[in-house]
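Q: In order, the protein sequences belong to chains A and B. For the first sequence, the numbering used here gives the first residue as 1, with consecutive numbering after it. For the second sequence, the numbering used here gives the first residue as 1, with consecutive numbering after it.
FYI, nobody ran anything at the bench for these hints, they're computed from the structure. In this text, all values refer to a predicted model and were calculated from it rather than measured experimentally. Among the hints, a few may not be true.
[As the list claims (entries may be wrong)] Selected chain A positions facing chain B (Cβ under 10 Å, derived; list incomplete):
1) Q45
2) R108
3) R147
4) R165
5) L180
[What the hints assert, rightly or not] DEER-style ranges, computed between Cβ atoms:
6) T127(A) with E64(B): 23 to 29 Å
7) A259(A) with L33(B): 22 to 28 Å
8) S26(B) with G177(A): 41 to 47 Å
9) G32(A) with H2(B): 43 to 49 Å
10) R44(B) with G185(A): 14 to 20 Å
11) A259(A) with S30(B): 37 to 43 Å
12) E98(A) with A5(B): 19 to 25 Å
Backbone N, C-alpha and C fix where the C-beta goes; we use that ideal spot for every residue, glycine too.
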Amino acid sequence: MQISHVALFALLTTALAPALAAETACPQHYAGSTSPDLLRPSLQQGARELCFSAFGVVHSAVSRTPLWSAELLTPARVARAARLERKDTFHAEDRLPEAERAELEDYRASGYDRGHLSPNHDMPDTTAQRESFSLANMVPQAPWANRGQWADLEEAVRKRVKAGRSLHVISGPLFEGSELAQLDGRVLVPSAMFKLVCDLQARQLVAFVLSNELRPAVTPRYETVTLAALEQRLGMALLPGVPQAGTFGKLVLPGVTTAP
Amino acid sequence: MHPYANDADSDAIDGLTIENGTDRLSLYGSLTLTRDQAGLARARQLLALLQQAVAVLEAAPLPEQIAERPATKVANPFG
């Protein structure tokens with residue numbers, strides 16, 4: 001989705017059914033070279049695409065978070081990423097207007113981590129790594145998730161890639177329920193997080209949803225959901241460039257514990 | 001990294017992630033101190049970090065528990 005198209009898209013949706021194919025300025029990050037579509041009109045307001053060297057984001061001025069972050073992981077990329085030193089700085093996204101973006105101050109003393117959507121450890125070079133520390137690639141994430149299950153899932157994805165598969169990954173927040181938590185009166189806290197992992201060559205995919213409750217009594221586990229169910233919950237089409245994605249088989253990621 | 005100096009730094013020792021904050025220093029992940037030169041270098045790195053953190057914590061009076069800024073509840077704008 002190009003920035004100019006977002007505004008146009010928002011205008012058109014009042015008159016047209018919101019099923020327009022999105023255009024993206026960075027098709028290399030997306031399965032079938034096509035970025036997800038924001039079908040629910042409330043998601044389209046204040047949405048802007050941001051292209052980074054190793055991932056693509058659509059950012060919302062309403063939540064002051066990304067709505068998704070998408071990346072293509074290849075064995076070569078993950079091998080390069082494994083050799084990189086992990087030292088960087090979190091920063092506000094300077095390509096976004098101040099009125100639309102999160103600041104470091106918003107997260108301070110909130111109890112939430114700044115959770116990467118496209119993970120630091122997937123970044124193949126220092127430029128991409130620096131970009132991954134933009135708050136435009138972050139959501140407020142419960143520490144138990146960010147440091148535990150979510151990190152384990154990211155590692156399981158890389159392990160699968162290291163074993164020779166190229167995978168498309170889309171990660172993002174779910175904003176469900178009548179009320180949401182908000183940090184600093186500005187940044188919305190996701191009720192849960194999703195990660196969709198797609199192997200185009202094998203025609204397999206899997207979608208995970210993980211709670212983002214700050215202090216759960218019992219540590220939640222992943223639920224796996226179908227692509228259609230996840231898209232319904234999100235109000236998005238996640239793989240509009242992939243024909244018959246709904247018929248793909250289930251991708252198995254060893255090492256990810258899911259709810260029974 | 002200077003502990004508690006800013007809300008921006010992120011660093012790592014082996015698989016241990018270190019995130020700086022003006023209100024908290026977070027360390028998470030895993031770190032193996034092998035009984036070799038690399039293990040010694042990592043152990044020294046961790047020790048230096050902790051010594052700096054303790055020095056900052058000891059330098060001024062501390063509350064018993066730091067106050068969080070609790071999230072507020074808002075109507076879901078995407079609902």
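Q: Hint by hint, note whether the structure agrees.
A: Taking the hints in turn, this is what the structure says about them:
For Q45(A), the interface hint holds, since its Cβ comes within 10 Å of a Cβ in chain B; the closest pair sits about 8 Å apart. About 5 Å separates the beta-carbon of R108(A) from the nearest beta-carbon of chain B, less than 10 Å, and the hint is met. Interface hint at R147(A): satisfied, since its Cβ lies 4 Å from the closest Cβ of chain B, which is below the 10 Å cut-off. Look at R165(A): its Cβ only gets to about 23 Å from chain B, farther than 10 Å, so that hint breaks.
The beta carbon of L180(A) is positioned within 10 Å of a beta carbon in chain B (closest approach about 5 Å), and the interface hint is therefore held. For T127(A) and E64(B), the Cβ-Cβ distance of about 44 Å falls outside the hinted range of 23 to 29 Å, so the restraint is violated. Taking the beta carbon of each, A259(A) and L33(B) are about 35 Å apart, not inside 22 to 28 Å as hinted. The supplied range of 41 to 47 Å is broken by S26(B) and G177(A), whose beta-carbon atoms lie about 28 Å from each other.
Checked against the hint of 43 to 49 Å, the pair G32(A) and H2(B) passes, with Cβ atoms roughly 46 Å apart. For R44(B) and G185(A), the Cβ-Cβ distance of about 43 Å falls outside the hinted range of 14 to 20 Å, so the restraint is violated. Under the hint 37 to 43 Å, the C-beta atoms of A259(A) and S30(B), about 25 Å apart, miss the expected range. Restraint check, E98(A) to A5(B): a C-beta distance of roughly 24 Å satisfies the suggested window 19 to 25 Å.
Comparing the model with each numbered hint stated earlier shows that hints 4, 6, 7, 8, 10, 11 do not hold.
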